[in-house]
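Student: Spelled out from the first residue to the last, the chains are:
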Amino acid sequence: MFDTSNAKKLVEVRDLKMHFPIRSGLLRRVTGAVKAVDGVSFDIFEGETLGLVGESGCGKSTCGRAVLRLYEPTGGSIKLDGEEIAHAPFDKLRRLRPKMQMVFQDPQASLNPRMTVAGIIGEPLSEHSDMTAQARLDRIYELMDAVGLNRDFANRYPHEFSGGQRQRIGIARALALNPKFIVCDEPIAALDVSIQAQVVNLLEDLQGKLGLTYLFISHDLSMVRHIADRVAVMYLGKVAELAPRDGLYDEPLHPYTQALLSAVPEPDPTLHDEANRIILQGDVPSPANPPEGCNFCTRCPKVMDICRRIDPEFREVKPGRFVACHLYAEDTNQTAANAAEPIGA
Amino acid sequence: MPDGATPFVLDVKDLKTVFRTRGGEVHAVNDVSFTLKPGELLGVVGESGSGKSVTMMSLIRLLPMPPAEIRGGRVMFEGQDLAKVPEETMRAIRGARIGMVFQDPMTSLNPVFTVGYQLMEPLRKHMGMDKAAATTRAVELLELVGIPDARRRLGDYPHQFSGGMRQRVMIAIALACDPKVLIADEPTTALDVTIQAQILELIKDLRQKLGMAIVWITHDLGVIAGIADRVMVMYGGQVVEQAPVRELFANPQHPYTRMLLETVPHIKGARAEKLRVIQGQPPILAKAPESCPFMARCPQAFERCARQNPARYDVGNGHDAACFWDFKTGAPRDV
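Residue numbers (the working numbering), protein chains in the order written: chain B, 275 to 619; chain U, 1368 to 1702.
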């Protein structure tokens, strides 16, 4: 497994906030905000895969896009290779773009239907390099070989390919500029089970060969266990737990992680009999109107009084394991007492 | 036996559905046969394009015809052949004797009518209830599927419900007329895992209370392992394997099922360094298959597979597989 002890931090995200304004009324005044990402911090080490999991609407995709500055973040800092990009001006950002790329969820929607495969894969090259036409074509062929696409298909259009092959085109495009860091936003969610393994293995092979760093966003916890070195679990705009993969799956600390893992149905009928499922009640609250205190307090099976008042701090409770939960506060009673004071006073 | 001759609530034999498109024919369902016992939950597993949904839509005749055309087979339900009955009879059966739940609760509920109206519609149409009786029954149904404050929520519109709650409403509508068979087409695919877990618990609970037979279509082997009594695996418009759930997972006899089980990563237990890959693509069903549809991707394929499409061979324990290779002897089947 990936050793983080002497690895270099490639991406450092601190207190990232991405709020989308809600406008209403005749004058479209801002009357609130959807706090899609609300104070998220994590590091990604060079050469590792950080899995980012959570249910729909938890902010994982927004987080991935904000990290690449595809949105203007509301607050916080994002450093890529030591350079601040959260508020970098356009020309600096453009210079940094080749280092960071993205693979999108829906290969149908993310490939221009009127461009050929060669055009799609070659576009970043013509945008960010001054290669000759011949050099560009050579590079396109090289990329097609790398992702397992037949060179003869270079002049075909995306609709002529299957879902798995289209995702390969998207991956080749992301690789064109030799990036260091790739955000994979649900790259396999739209694919069939038998095709998913092909794409995941390709991503792993490329990582080995090219030393890539991935932020792998997915709702598929089993697949994340396969591909990720460390995993961050998001809930309602915040990271609930961040831990090395084996630690997280063997001994989840946050009650949400515990419930999430226990809800995944295993493809084995005998395990279902033994499974002691935690069935969460209710639904995820709206990110426009999150509950007071811990944002999981409305559904948490282990909820305490303090959880409804104070938002737990995201902190390291064991080496490498970060949790935002009052159950793991250094001294729960002490914190609870402190919290009670202002209410009594 | 209530249906006279047959112990099955549903008995489908050699069903064949073809789509006629401008680009030629697509043979989506090829000689599919299966049975459903009273109270049984049959899981139907397959990838997109394997024909699992089209099979079920064909038997309740919910496909647009044309382009779809049912080219053969029979579907015995309560002593009638649904492939032949007039549309009027079919309409009386659909939604009443056979309930349906679809994947996306947002697109299958009408956004401009209240949930109460949509829930009472089958009660009034099929059961001839008056408004008061239908309202009482609708409240009962919403309570049955675990929607709190049911009476008040009858007046709400679908957008006022969350995804999981909408799917509960869909289930309530499907159960409204006390169907004998419920066809559920990927009912939890659009839902998050924690909400999926809620719906699966609900279905287990309802089965005990109501005892209807269910056909559950999904691509998720995990869901199937948890709720099905029996599983049917489809590939290329055909049934390639069928067995009781434990038998299938413990002892798969078709190479496709075997590889599919190996290709999915697990959340517990040993973690493979590399995922097993099924190379290639599913077949394009432009004509009726003359060879095994899985041949091109099959590690076990041999010369016979190219000449002949295997029938489903009985391998014991209520288990059959459409493959010429016998995994028990490690040699081609002697048939």
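Keep in mind the hints are simulated off the structure, nothing from the lab.
The structure displayed is predicted, hence computed values, not measured ones.
We put the beta carbon where it would ideally sit given N, CA and C, even for glycine.
Be aware that one or more of the hints could be misleading.
Pairwise CB distance ranges, derived in the manner of DEER restraints [to be verified]: (1) U:1666 to B:566: 54 to 62 Å; (2) B:425 to U:1651: 19 to 27 Å; (3) B:286 to U:1666: 41 to 49 Å; (4) B:366 to U:1651: 30 to 38 Å.
Student: Could you work out which of the previously given hints the structure breaks and list their numbers from low to high?
Tutor: 4
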